[in-house]
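Enquirer: Taken in sequence, the protein lines are chains A and B.
Mapped onto my numbering, the consecutive letters of the first sequence carry residue numbers 1 to 41.
Mapped onto my numbering, the consecutive letters of the second sequence carry residue numbers 1 to 433.
If you are wondering where the hints come from, they were derived from the structure by calculation, not from laboratory data.
Glycine included, each C-beta is placed from N, C-alpha and C at the ideal position.
Among the clues, some could well be false.
Claimed, not checked - Now the stretches of chain A that chain B is said to cover, found in silico as 3 or more residues with beta-carbon under 8 Å:
1. 1-7
2. 12-20
3. 23-35
Claimed, not checked - Listed next, with one range per pair, are the computed distances between beta-carbon atoms:
4. R35/A <-> A271/B: 39 to 49 Å
5. G13/A <-> S24/B: 43 to 53 Å
6. K27/A <-> L120/B: 37 to 47 Å
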Amino acid sequence: MLTAIFESIHIYGLAAVISIGIAAMIKVIAVALTRAGTSQP
Amino acid sequence: MFSQWLDMFQGVDTLLESSLLIASARIGLIVLGALLIYMGTKGILEPLLMIPMGFGMIAVNAGVLFLANHQPGTLFVDPLVTEPGQLIDIMQVDFLQPIYTLTFSNGLIACFVFMGIGSLLDIGYVMTRPFESMFLALAAELGTILTFPIAVAMGLSYNDAASIAMVGGADGPMVLYTSLMLSKEIFVPITVVAYLYLGLTYGGYPYLVRLLVPKKLRMIKPLPPKKPVKPVSAGVKLTFATVACAILCLLFPVAAPLFLSLFIGVAVREAGLKEFTTLLSGPILYGATFFLGLMLGVLCEANTLLNPRIFPLLCLGILSLLLSGIGGIIGGYVLYFISGKRYNPVIGLAGVSCVPSCAKVAQKCVSKDDPGVLILPQALGANICGVITTAILCGIYVTVIPKLNPPKKTEMPAHAKVEAASSRVSPVAPVLH
């Protein structure tokens with residue numbers, strides 16, 4: 001039971017880190033490509 | 001004379017010859033099938049899934065006949081067959097066996113549904129507010145996380161606990177995929193439970209919203225953005241889909257088919273491939289949904305559902321969905337307080353990834369109190385992120401959980417299951433029939 005609780009926290013933490021990483025990646029892609037688009041003549 | 005008459009109508013004969021428990025279960029499931037059709041037609045449950053499922057359930061429990069050695073059976077599907085030679089024979093008799101073997105037991109049908117969903121998703125909503133949407137989606141995974149230790153405490157193995165916990169992700173194909181990878185023995189009951197409950201979200205979640213969010217808060221209008229929001233270009237969305245697919249496949253190769261299916265759907269839409277978009281969002285999505293419903297129905301045989309392991313799955317499935325809904329609303333409340341009480345907490349419910357039902361439910365709940373409140377764009381953003389977080393959790397569960405169970409002598413190790421699933425031989429364990 002304790003192992004299961006520990007694993008749940010571990011899995012949720014891992015999912016949170018990856019999800020936030022993906023959100024950050026979305027932001028970077030959106031900002032970078034929008035800037036690249038606006039800097040073109 | 002009477003026995004000759006019964007020989008002619010073997011559905012009735014098998015009913016009379018079976019035990020009282022099996023006979024009453026068969027009649028009960030025929031009635032349940034009819035009820036699903038009725039509720040699907042009335043829009044209480046999802047009609048696209050429930051009508052084929054109800055028909056399958058009725059036919060498989062009514063159409064039982066005597067096969068070789070006077071053994072009762074049906075001409076629909078036999079999930080027990082594992083030997084390649086036997087499989088070829090069965091495919092020529094059971095008319096749904098080819099669909100089961102070639103699309104269901106290897107997860108292809110789940111991938112088809114995901115391709116269709118991907119081609120319908122506009123990830124522009126996510127790209128304008130990625131952190132907010134992802135936060136709500138993570139909060140709405142509460143059921144997926146909390147149900148796992150509860151299920152273990154109730155005596156389920158880690159694999160089975162992870163599979164039933166995925167119901168909290170509220171994504172049918174993902175539950176199907178996880179249970180195929182982790183709990184081959186009980187993937188039919190888990191998937192049936194999941195789809196039945198997912199059908200209930202449309203009817204049940206509004207009560208949860210009314211219970212947890214006061215009317216005053218339900219009527220909060222979203223704040224207009226400080227700067228005018230530029231529409232996200234198709235190129236940006238395509239880049240995101242490509243990079244996200246590559247990274248997630250790299251991190252969780254076991255769930256790579258699901259990631260590929262979702263993001264290829266998104267890519268096809270954003271690349272402007274109209275013919276492929278029409279194919280994925282039309283024939284592929286609806287064809288897969290139809291056969292998924294039909295297959296789930298014909299797998300609902302009395303013997304399968306009389307499995308004593310079903311009852312805890314029924315309880316855990318509903319608990320998982322309930323906790324996810326509560327988690328989403330808690331996430332909405334967190335943003336409500338962070339934003340200085342100007343954020344509508346109902347949007348949090350859309351973090352539950354049943355696309356687009358939960359976003360529509362959230363909008364329906366607020367529209368009932370104030371038709372002028374439009375939360376659908378934010379809700380869709382959270383909803384799409386819900387799909388991504390559920391896919392991530394599916395990948396983590398499928399990768400991490402088998403490592404917690406030391407492989408037993410009688411159990412196929414996880415990597416062998418994956419290999420078996422990728423081979424053309426159906427590795428179904430003999431518990432269901």
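Enquirer: Hints first: check each against the structure and report whether it holds.
Expert: Evaluation of the provided hints:
1. Look at the region 1-7 of chain A against chain B: 5 of its residues bring a Cβ nearer than 8 Å to a Cβ of that chain, three or more, so the hint holds.
2. Residue count for the region 12-20 of chain A with a Cβ under 8 Å from a Cβ of chain B: 7. That meets the three needed, and the coverage hint holds.
3. With 9 residues having a Cβ less than 8 Å from any Cβ of chain B, the region 23-35 of chain A passes the three-residue criterion, so the hint holds.
4. Between R35/A and A271/B, the C-beta spacing of about 22 Å breaks the proposed range 39 to 49 Å.
5. Roughly 47 Å separates the CB atoms of G13/A and S24/B, a value that falls within the hinted 43 to 53 Å.
6. Taken as a hint, the range 37 to 47 Å is violated for the pair K27/A and L120/B, whose Cβ atoms sit roughly 24 Å apart.
Going through the hint list in order, the structure does not satisfy hints 4 and 6.
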